[in-house]
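A.B. asks: So the chains spell out like this:
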Amino acid sequence: MAANLSPAQLPSAAVNPADLESGSSLWRDAWHRLAKNKLAVFGGVTLLVLAAICIVGPWFSAYGYEEQNLNNTFAPPGAEHWLGTDQLGRDLLVRLMVGGRISIMVGLIATSVALTIGVIYGAVAGFFGGKTDSIMMRIVDIMYALPFTIFVILLMVFFGRHIWLLFFAIGAVEWLTMARIVRGQIMSIKKMEFIEAARSLGLGRRRIIFRHMIPNILGPIIVYTTLTIPAIMLLEAFLSFLGLGVQPPMSSWGTLIKDGAEKMEEYPWLLLFPGTIFSLTLFSLNFLGDGLRDALDVRAAKD
Amino acid sequence: MFRFIARRLLETIPVLLVIITATFFMIRFVPGGPFTAEKAVTPEILRNLEAHYGLDQPLHRQYFNYLGDLLRGDLGPSFKYANRTVNEIIFDKLPVSLELGAWSLLVALCLGLPLGTIAAIKRNSFLDYLCSGFGMVGICIPTFVMGPLLALLFGIHLQWVNVSGWYGPADRILPALTLGFVYAAYVARLTRGGMLEVLNQDYIRTARSKGASELRVIFKHALRGGLLPVVSFLGPAIAGILTGSFVIETIFQIPGLGREFVQSAFNRDYTLVLGTVILYATLIIFLNLVVDVVQVWLNPKLKFE
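So the protein lines, in turn, are chains A and B.
Count the first sequence with the working numbering and you get residues 1 to 303, in order.
Count the second sequence with the working numbering and you get residues 1001 to 1305, in order.
Just so you know, these hints were derived from the structure itself, not from any lab.
Quantities reported herein were computed from a predicted structural model and do not represent experimental measurements.
C-beta: ideal position from N, C-alpha, C; glycine also.
There's no promise every hint is true.
[Claimed, not checked] Listed next, the stretches of chain B that the computed footprint assigns to chain A, with coverage defined by at least 3 CB atoms under 8 Å from CB atoms of chain A:
no. : region
1   : 1013 to 1027
2   : 1136 to 1144
3   : 1148 to 1155
4   : 1193 to 1207
5   : 1261 to 1267
Bound conformation, chain A alone (with noise of 0.2 Å):
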């Protein structure tokens, strides 16, 4: 994406006229801000051990995350089963892992839709402006005032509870406020020089939207995607509590929680290391995307 970026192409309020000429670029600037940052770099980390640790650890246990094993329910953490076992005798850790690959996937899906839906959205509402603008807005203010998750947890409850369905619909609710954003974005540079200079090259519509607007309104979409990867994520796992999202005997954080919660009285790991897990990842999406906030200094995205 940086090769996109030539210097003349920025807006210029975002660069520091020294920084050209030394040559170093908005990102590599971000980059180091983002690196001296220490929530942000420990929250980075602990994404990346985490992720690694999910999609790469069921290969080497010794359980499968659906392995029952009725002689050996609810044993405590201990060297043959590291977290303990839940009421099937099921290994947790295993269990917990693959639950980890779920919590990726649909970070990774259903922030993509509703990143594509909100950028497409927003970058055509600001840069048509006028009625067009004020009939796109007026539409998502109106849906920022309905009850989504209601229509998700009907979604869900009707259509059969599929992964994929799950992964959709929590997308196709996420995307108001990236549509927000990007349209502001969009208002603020459609009136720049180089926007200018593309309209009279001749350049039709799309191309000027997507070759020349969305490539620097960049920080913005991807300081608010990473804040946005955690809501999703705990949509996933409050519809997984309500019984709603994945099912049985494929695990997700979500109903590792609820079911260690139905435990917690005698066997409270069962809840503790979901729980923790779970927080854990929300704390240091968290870190990361105010640490990219600082660090791109993007301000529209701040509530």
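For chain A, the structure is supplied; the task is to place chain B on it using the hints.
C.D. replies: Here is chain B on its own, set in the frame of chain A:
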């Protein structure tokens, strides 16, 4: 202002109509009816049941009948609970959910506003980091982790309150804390940001230079402007608290409308699902309108447009 409110109310009508229509037809095009779960229903009884509830009529007739009843405030009979109407069930369960929501909102504001204000005043001090840390904890520990943890600590280990149920005043504490905590965190964050912005403004410096006490500066001058981000957050917060109570009601076994809604969706209790969706949508849209009005009232720079 009245024109603004009137226009917004008029706008509400098509929105609600779209919601009602979409939900109505979505439910009907789903495999499985409300009576498929009941075992050993002969075709004859099934026909009688469907005739009794008007399910044998053409779909568009059912739709217009429903709209007609709705205009008269009748949400129809429940398909699952024999001899009970949706109105009765809602009147029964809604007060519980509303009470839970009100307590949670109170927790959110009573915790969030002071913490955010303190953090802003004592910017970059230890107190600030403590308050901001609280904000992060609240945002990153979801209700369905926080709820069981609080129940484990205060209900099971310390035995101060009951783990579940909705009887005495003490039963309100844990659910309200759990649900309110998340929003307290957001409120604290937004208050801090808003206050920081306001505290740098000229009119605050003027107030200070005129010798107003620090307390007066904060409460009389700064808070009004600093709270604007919080007020605009209240709309989404109310919607979140209302739907968030689904989980809280499940964890703490509270007989509220949220749990009833999830259950009714599982039961394919068409009328109860529809009634609840309509109710929640109306409630959320109306509360958003109230929030918008309060926002303009607080900030003379905004206008009713």
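A.B. asks: State the violated hints by number, sorted upward, taking the hints as numbered earlier in the document.
C.D. replies: The structure breaks only hint 4.
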